[in-house]
Amino acid sequence: MNAHSNSFADRRTFLKMTGAVTGTITLIPFTANATPQSVQDEINAIIQGKTMVEDGRVILTLPEIAENGGTVPLTIHINTPMSAESHVKVLHIFADGNPQPDVASYFLGPANGKAEISFRLRLSKTQKVVAVAELNTGEILVGRQQVKVTLGGCGG
Amino acid sequence: MAQRDIKPRVRVPKKIKKGDVFEVKTLVSHRMETGLRKDKTTGESIPRDIIRTLTVGYGGREVLKAVWHPAMSANPYTSFYVKAEASGPMSFTWIDDLGEQYRKVIEINVVG
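So the protein lines, in turn, are chains A and B.
Heads up, the first sequence is in our numbering, so the first residue is 1 and it goes up one at a time.
Heads up, the second sequence is in our numbering, so the first residue is 1 and it goes up one at a time.
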């Protein structure tokens with residue numbers, strides 16, 4: 001995990017924001033937090049010299065404003081065929097304002113017929129969700145979507 | 001830890017035409033404890049306890065593998081697509097931090 005030191009002010013704001021709404025359990029203060037840079041570092045590790053394309057083929061569907069950060073529905077569709085010749089091998093999802101940047105990775109292939117997955121994630125504050133699709137052709141496709149979170153998801 | 005009361009659920013269309021791409025919806029009841037929270041009364045941090053992976057097999061091969069982190073919501077839901085080849089079982093295995101496995105097998109009914 002990336003050990004970016006988080007500014008104390010940010011942490012305070014975050015704790016204040018979430019502390020007001022949590023019940024008997026409070027968040028443990030964390031020392032490292034995801035940042036747009038730590039997400040970029042993860043993406044760079046995936047790219048490894050390959051070309052990254054951000055041309056709108058990765059479509060993230062999320063609520064513009066998430067009232068409950070604990071469960072934010074997300075659908076990711078990648079505009080690509082799922083044939084033996086050309087398909088998505090892996091889809092990685094990151095969140096650039098959560099305590100940890102990683103959300104999930106989905107390993108796919110031609111058997112899926114369609115490059116689309118949905119799930120629900122936790123977002124601790126307003127931030128960008130980033131999806132990175134690795135194609136068997138070596139291409140790396142990236143999509144990003146900003147989400148406004150009014151009530152942070154507990155610690156996740 | 002003893003076997004926990006964890007219920008995996010899966011939904012697919014009842015009848016699927018050969019060659020069609022159909023949606024598979026999955027849900028498993030699990031608290032997905034992030035490991036980042038503290039119990040307010042004791043001050044102790046609550047240990048991480050999440051489902052790490054979901055693997056799905058159909059037609060003799062793996063058609064999906066998901067690797068999850070604590071940012072997945074509690075009671076993780078996931079849906080994805082599969083191309084219908086032939087009738088047969090589709091198997092789902094979730095594995096959590098404790099190494100416990102939760103399995104579900106359903107029958108895919110391909111017509112035509």
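Everything labelled a hint here was simulated from the structure, so no lab data went into it.
Each residue gets a CB set at the ideal place from its N, CA and C atoms; glycine is no exception.
Treat each hint with caution, since some may be false.
Said to hold, decoys possible - Quick list of in silico lysine-lysine cross-link-like pairs, DSS-like style, CA-CA up to 25 Å: (1) Lys104/B with Lys50/A; (2) Lys15/B with Lys114/A; (3) Lys83/B with Lys40/B; (4) Lys104/B with Lys17/B; (5) Lys83/B with Lys114/A; (6) Lys114/A with Lys38/B.
Claimed, not checked - Covered stretches of chain A (chain B as the covering partner; in silico rule of three or more C-beta atoms under 8 Å from a C-beta of chain B): (7) 90 to 100; (8) 105 to 111; (9) 117 to 131.
8 Å C-beta test of the region 90 to 100 of chain A against chain B, three or more residues: holds (count 4)
Coverage claim, chain B over the region 105 to 111 of chain A, checked by counting residues with Cβ within 8 Å (three needed): holds (count 7)
Holds or violated: Lys83/B to Lys40/B, with C-alpha atoms at most 25 Å apart: violated, 48 Å
Distance restraint between Lys83/B and Lys114/A, which requires alpha-carbon spacing of 25 Å or less: holds, 8 Å
Pair hint Lys15/B and Lys114/A, alpha-carbon separation not exceeding 25 Å: Cα-Cα ~19 Å, so holds.
Agreement of Lys104/B and Lys17/B with the hint, judged by alpha carbon distance not exceeding 25 Å: holds, 23 Å
Straight-line alpha-carbon gap Lys104/B to Lys50/A, limit 25 Å: Judged against 25 Å, a Cα distance of about 38 Å means the pair is violated.
Given pair status - Lys38/B, Lys114/A, alpha carbons within 25 Å: violated, 41 Å
Outcome, coverage of the region 117 to 131 of chain A by chain B - at least 3 residues whose beta-carbon is closer than 8 Å to one in that chain: Holds, because 7 residues of the region 117 to 131 of chain A bring their Cβ atoms closer than 8 Å to Cβ atoms of chain B.
Hints 1, 3 and 6 from the list above are not met by this structure, while the remaining hints are.
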